[in-house]
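Based on these hints, arrange chain B on the given structure of chain A.
This is what each chain is made of:
Protein chains: 2
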Amino acid sequence: MTADKRGLFFGDMKTINSIRSMQRKARELCRRHTIALVPTMGYLHEGHLSLVKKARKAADVVVATIFVNPTQFGPGEDFQRYPRDQKGDRALLRDAGADYLFMPDAQQMYPDDYQSYVETEQLSQTLEGAFRPGHFRGVTTVVSKLFNAVRPDVAVFGQKDFQQAVVLKRLVKDLDYPIKLIIAPTRREQDGLAMSSRNAYLGPGQRREAVCLYRGLRRARTLFAEGVTSAARLKKAVRKEILEVCPTAEIQYISFNDFHTLQPRIKVDRDTVCSVAAMVYDVRLIDNMRLG
Amino acid sequence: MTADKRGLFFGDMKTINSIRSMQRKARELCRRHTIALVPTMGYLHEGHLSLVKKARKAADVVVATIFVNPTQFGPGEDFQRYPRDQKGDRALLRDAGADYLFMPDAQQMYPDDYQSYVETEQLSQTLEGAFRPGHFRGVTTVVSKLFNAVRPDVAVFGQKDFQQAVVLKRLVKDLDYPIKLIIAPTRREQDGLAMSSRNAYLGPGQRREAVCLYRGLRRARTLFAEGVTSAARLKKAVRKEILEVCPTAEIQYISFNDFHTLQPRIKVDRDTVCSVAAMVYDVRLIDNMRLG
Chain A
178 MTADKRGLFF GDMKTINSIR SMQRKARELC RRHTIALVPT MGYLHEGHLS LVKKARKAAD
238 VVVATIFVNP TQFGPGEDFQ RYPRDQKGDR ALLRDAGADY LFMPDAQQMY PDDYQSYVET
298 EQLSQTLEGA FRPGHFRGVT TVVSKLFNAV RPDVAVFGQK DFQQAVVLKR LVKDLDYPIK
358 LIIAPTRREQ DGLAMSSRNA YLGPGQRREA VCLYRGLRRA RTLFAEGVTS AARLKKAVRK
418 EILEVCPTAE IQYISFNDFH TLQPRIKVDR DTVCSVAAMV YDVRLIDNMR LG
Chain B
178 MTADKRGLFF GDMKTINSIR SMQRKARELC RRHTIALVPT MGYLHEGHLS LVKKARKAAD
238 VVVATIFVNP TQFGPGEDFQ RYPRDQKGDR ALLRDAGADY LFMPDAQQMY PDDYQSYVET
298 EQLSQTLEGA FRPGHFRGVT TVVSKLFNAV RPDVAVFGQK DFQQAVVLKR LVKDLDYPIK
358 LIIAPTRREQ DGLAMSSRNA YLGPGQRREA VCLYRGLRRA RTLFAEGVTS AARLKKAVRK
418 EILEVCPTAE IQYISFNDFH TLQPRIKVDR DTVCSVAAMV YDVRLIDNMR LG
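Just so you know, the protein sequences line up as chains A and B, in that order. First residue of the first sequence? That's 178 in this note's numbering, and the numbers climb one at a time after it. First residue of the second sequence? That's 178 in this note's numbering, and the numbers climb one at a time after it.
Chain A with its partners taken away, still in its complex shape:
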C-alpha cells in the first residue's frame, strides 16, 4: 500500500463509532482536505456504491455513514426488521473507495433526553410526507446531525428518494449549510426495478411483479414523448400499467410535480417528475422518473 495525496492508504478504511471522534477527525481533515459525505442506512446495494464513487470524484476524503435512523420511521413501519449486514457493508464500502465509515449507535445519536429537531415544513407535507407523517422531520434531523459531525463540503444522495433530495436541497439553502448536494441517478436492476434495501423483503414471485412501478413510470414517459401533457390522463395510464403488471398492488399515490419545487402539475412538462408509491405484497416501494 502506498499513501496517496490524502495521506491515506487506499483500501485502508477506518471505522469511527463515536460522534466525538468523528467531530475531531472531521475538524482535522477539513484543514487540508475537502470532505464528501455519503449517508446510508446500510444493507448496501449498487445504488449506494454509485454514491460513494460519485463522492470519490467530488472530494479528497469520503466519509460514508451507516445508521438506521429510528426517527424517520413511523409507528408500524419496518424499523425493527430493516435489513442489516455490517460485515458485508464494510467490505463493499472499502472496495468502493470510502476512507471512513461513521457508524454511531442509536443511544449516542438519540440519548434519553434528546429533544432537538430540524424541519423543512411545506416540502415535507406532500407525497411521502402525507403517507409517512414525521418521516422527513426524522430525515432532516439526522442529516443535520451528520452534516454537523462530519462537516462535509459535498454530500451525495440518490435520486430514487426524489422528494428527500428536494427537501434536503431546501434544508441546505435555508439553514446556510456550506455544502454542495449531489443527486446521483437511480440504479436499477436489469428489469428496471429501482434498487432498494427493501427489495430484500420480496419473495421471488413478488420480485417479478415489483417491476410494476418502473413500468408505470416508463408508460408515462412514453406517452409524454408522444405529446400527452394532461397529468390526469397520464395518471390513469400509469395506474393501468401498474395494475396490469401487479394486479394486487395497492397504489398510494401517482403524482406529477415540478422537479425543483414539488409544485403539483396539471399540465406536465420536461421538468415534471412522476413519482409513485405502492404496497406490493406488504412491501412499500417508491420510484420516480423525470418526464423530459
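Take the hints with a grain of salt, since some may be wrong.
Since the list gives no way to pick out one identical chain from another, each pair is judged satisfied if it fits inside one copy or across any two copies.
As the list claims (entries may be wrong) - Pairs of lysine to any residue, SDA-like flavour, derived with a Cα cap of 25 Å: (1) K357 x G224; (2) K264 x A283; (3) K264 x M280; (4) K346 x N194; (5) K350 x A283; (6) K350 x Q292; (7) K346 x S198; (8) K350 x T303; (9) K357 x H210; (10) K357 x M280; (11) K350 x Q200; (12) K350 x T192; (13) K357 x Y291; (14) K202 x K357; (15) K444 x R396; (16) K413 x D448; (17) K264 x P247.
To be clear, the hints were calculated from the coordinates, so they are not data collected in a lab. Every value quoted in this text rests on a predicted model; they were computed, and no experiment measured them.
Same frame as chain A, now just chain B:
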C-alpha cells in the same frame, strides 16, 4: 499596523454582508485558524463587548454578527422599534477586537419561500418560552444558520439570557455541533441593572426603578445564604422586594430552576437559578442569578 499571527491587521475589522461570502471566508479561515462566534442583535453595550473579549481569548479569529432576527420576536413585540446603531456598533466591535463583522439582511436570511426551522422542544416551553411562544424556535433557527455559515469552534453567549444559554447548550449537544459554548457573566450598571439594549427604552425615572429585578434577585440570594431553601418563601420575598422598588411593575414570573436542566425547584440549592421577568413601564425586562 502590523500583521499578527492570524495574518490580520489589528483593528482592521472586515464587514461581510453576504451569507455566501461568509461561508467562503469561514471555509478558508478554518483551515488555519480556530474561529469564535459572537452573535448579537446590535445596539451594543459593555455586555456584548465582554463577549467579544472572551471570544478573543478563546480562538484565533473572532466573527461578531449583528442581525435583528425577526423570527424570535412574537406578534406585538418590539421587533420594529428594536434599537439600531450600525455605525456605533462597528466602532465598538473593532475596538473590542473583532476580526469580522457578519451582518446579513433579513431578505437574505429569510427569503420568501423560507421554510426550515430548528427546535429544541421541552426546554423552550417554560419561562421565557411560556410568555414568548415561538421565541426560542426563532433563536435556535437563527443560531443554527450562523453556526453553519461561520463554522465556529467556539461561540460566546451572555448569562443574562440564562434560558437561552441552556437551550443552546442542548441544541449543540443534540445536533452534534462541534462547538464549545462559553457563557459569559451578566454585565451590570453601577446600581445593578443588567445591561440590555432594551434599557434604552426606559426614561430617566423609569430607569431608576428598573433596578427592581436585580434587587429582588439579591434578596433571594441573601435569604438563601441565611438558610432559606423554600422556593415558595423566596418567591414571596422577591416579589415583595421588586414591588417595593417599582410598585407598578407587572411581574410575569419569578422562578427557581436547576442551572443545567431548568427543572423547577421546590427546595432550592447552590445550583438553583432564580429568574425573573417583569414589565417595567411597558418595557419587558429579564434577569437571573445563581443562588450559590
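Status of the hints after comparison with the structure:
Taking CA atoms no more than 25 Å apart as the test, K357 paired with G224 passes inside one copy only; the shortest distance there is 20 Å, against 37 Å between copies. Only within a single protomer do K264 and A283 lie at most 25 Å apart by alpha-carbon distance; the minimum there is 18 Å, versus 49 Å between protomers. For a Cα distance limit of 25 Å, the shortest separation of K264 from M280 inside one copy, 12 Å, qualifies, whereas the shortest one across copies, 49 Å, does not. In the homo-oligomer, the alpha carbons of K346 and N194 lie at most 25 Å apart only across protomers (23 Å), although the nearest pairing inside one protomer, at 27 Å, exceeds that limit.
Taking the shortest Cα distances, K350 and A283 sit within 25 Å of each other only across copies (15 Å), while inside one copy they are farther apart (27 Å). When the C-alpha separation of K350 and Q292 is checked against a cutoff of 25 Å, the pair qualifies both within a copy, at 23 Å, and between copies, at 10 Å. For a Cα distance limit of 25 Å, the shortest separation of K346 from S198 across copies, 19 Å, qualifies, whereas the shortest one inside one copy, 27 Å, does not. For a Cα distance limit of 25 Å, the shortest separation of K350 from T303 inside one copy, 20 Å, qualifies, whereas the shortest one across copies, 31 Å, does not.
Taking the shortest alpha-carbon separations for K357 and H210, both the intra-copy value of 15 Å and the inter-copy value of 23 Å come in at or below 25 Å. For a Cα distance limit of 25 Å, the shortest separation of K357 from M280 qualifies both inside one copy, at 22 Å, and across copies, at 23 Å. Taking CA atoms no more than 25 Å apart as the test, K350 paired with Q200 passes in both settings, with 23 Å inside one copy and 12 Å between copies. In this homomeric assembly, K350 and T192 come within 25 Å of each other (Cα to Cα) only across copies, at 22 Å, whereas the closest approach inside a single copy is 30 Å.
Only between protomers do K357 and Y291 lie at most 25 Å apart by alpha-carbon distance; the minimum there is 19 Å, versus 28 Å within a single protomer. Both within a single protomer and between protomers do K202 and K357 lie at most 25 Å apart by alpha-carbon distance, with minima of 20 Å and 16 Å respectively. For the homomeric pair K444 and R396, the shortest alpha-carbon distance inside one copy (17 Å) is at most 25 Å, but the shortest distance between copies (70 Å) is not. In the homo-oligomer, the alpha carbons of K413 and D448 lie at most 25 Å apart inside one protomer (20 Å), although the nearest pairing across protomers, at 66 Å, exceeds that limit.
With identical chains, the CA atoms of K264 and P247 are at most 25 Å apart within one copy only, with a shortest distance of 21 Å there and 49 Å across copies.
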